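Student: Chains A and B, in that order, are what the protein sequence lines are.
Okay, so the first sequence: first residue is 642 according to my numbering, each after it adds one.
Okay, so the second sequence: first residue is 235 according to my numbering, each after it adds one.
Keep in mind that the hints were calculated from the coordinates and are not lab data.
Certain hints may be false.
As the list claims (entries may be wrong) - Cross-link-like lysine-lysine pairs, in silico, DSS-like; alpha carbons within 27 Å at most:
1. A:K854 - B:K264
2. A:K862 - B:K329
3. A:K769 - A:K729
All of these numbers come straight from a predicted model, not from anything done at the bench.
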Amino acid sequence: MRRRPLVSLVIVLMGGILFGQWIPWPIEMMLCLTSSFLILSLLVLNKRIISMAMIVLCIFSLGATSMRAYVYLPQDHLKHIAKFYKNKNVRLQGVIDSDIKKRTMFRGRKTSFELEVKYLETQWGWKKKSGRILVNVFREADVTYGDFILLDGKLYPPFSFANSTFSYQDYLSRKRIHLILSVKKGGHLEVLASGQGSFWVGQSLKIKNRLRKILDDTLSKNEAALMKAILLGDRTDIPQPINDLFIHTGTAHILAISGQNIAIIAALIFLLIKIIPIGRISQYFFTILFLIFYAFLTGGQPSVVRATIMAIVFLLSFILERQTEPLNTLALAALLILIINPMNLFDVGFQMSFTSVIAIIIFYPKIINLFPQESPLLLCKPIWWLIQSFVVSMVAWLGVAGFIAYYFHIVTPIALLANLFIVPFMGIIMGLGLGLLMMGIGMPVFSLLFATCLKVMINAMIMCAYLFDRFPWAYFYLTDVKVWSIVGYYLVMGMVFLLFANGPRIRLRKLKQISEI
Amino acid sequence: MLNLTKQERLVLLILILIILLGTIFQYVFKKFPRVAQAMSVIDSETIYPKMDLNQASVTQLEALPFIGEVTAQRIVDYRQTQGKFSRLDELKIIKGISEAKFKRIAPFFKKI
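One chain only, chain A, in its complex shape:
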């Protein structure tokens, strides 16, 4: 029987995080509880069952503790005094701690970034403060990551839209942002010092901007917007009609960096590194380092981190000559992501990314084994590849359909067919896109040729998505989706899994017995 110790561990940790979110006990109490369970579990190490129970409780309370610790606001946090500055102008000093986003607004531009607050001007002078805020400057501002700035504006909490499953307030609080500062067109913004941020983050943002420029210079506006999403994790420039095409056809996941992207990058980098005369283990290590850098470059979204961790474990298995266990590896990825930020548990990207992979790991082998392996039809490689792709597409879709229905109020039956065509396009587009970026840096003379091939592929994929979008009953919107209906959907999936858990022969025998009754 396969050992998956991390799976139980991460489920208990998730339970603890949920407990910490719903039942906000004081953090001091949670720390005491966790320490107590840890000590108890050490004391009863020889008694297996009691020791296991203590360890489970310890991990559970650790999850709750980390949740409380993550949402805990220190005494000098800006949120504690924000209510005293309602509708008043505030002056702050802080360090820009994110990429700079510039958007066109009505009559001008808006510059947005995240600021790590350092000081607040009060009637008693500048006071040391802490906290992370989102800053919207209603003009073009010449600032960059790592700038220590002085600015003034109005502070307010993020809006919460009624009758929506998406909460902007919750989304920002997961990033530890509880306040927004609006700086008017004529508002004061002054750069006091530069280079105050992390050197590595600064460098990765510079590289990201360089890569963005290559895409902007060689592709049209919309083609570049699509490639920025696929290669750099930046989806903000994709026009809504293009976004809608992918949403309606159930292929919006290709716009998020995930397993396929990471696999292609890893394969490409590993292939290129082979040219360098270094040992095999060193080649694996360099590939791992590059993947970590890439996850950094794309902003560390949960789906990227998940895929990167799984790829790293897979590569490490070659170095350590150990077999990997997919569910265990997935659990490791979840563990690391939740340790860094327990709020990721409530992130829709995290939920969908992991659910789709779990569905593939659990259901794909069961369903693919239903096909008679000896059939001459299946010996034909292209047909077998088509069947495998369809099954992967189907189980992934079934895995995330519940979440998509709940969060986006849409069901996309056409996804089963559309993914068969569009996902292979993605592999080619990804390869060409990476080639374009490499040529843009190393051999610009060839970058235009790569860009031309890429344009053909992108437009072929868009045409494909458009045609599937036109299918009758390709998608339909739901008006009211309750949480219990989604829970019920996944419970039914779980029951179906249990029915198939013992393998197809035993399942067929059982079905036969049921039919004979």
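Given chain A's structure and the hints, the job is docking chain B onto it.
Tutor: Just chain B now, with coordinates in the frame of chain A:
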């Protein structure tokens, strides 16, 4: 002599294929501009729902292909100073919208 593994030979062949295809496509698109235009689905009016020129905001206009930030702002400025557009042709009055550009952007708007 070059001593390449099977994978390295495959990569080299793929690179050559991409460069060759890129050259062919570039030649075809330059010689037959209509082919380039027909191929450009992502920038075609097929994908975009037709927009009301007299209602569109700067952000909405900038989201259309071939219309940048400056042109979008000029269109909205013109609407505010000169009143609503009575014909699509009036777009040609705006600085930066030539006859050729007008032909490209006109299909994205509803007829007035």
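Student: Give a verdict on every hint.
Tutor: Hints, verified against the model:
1. A:K854 - B:K264: 24 Å, holds
2. A:K862 - B:K329: Roughly 21 Å between the alpha carbons, so the hint for A:K862 and B:K329 holds.
3. A:K769 - A:K729: This hinted pair holds, its Cα atoms lying about 19 Å apart.
In this structure, none of the earlier numbered hints is contradicted; all agree with it.
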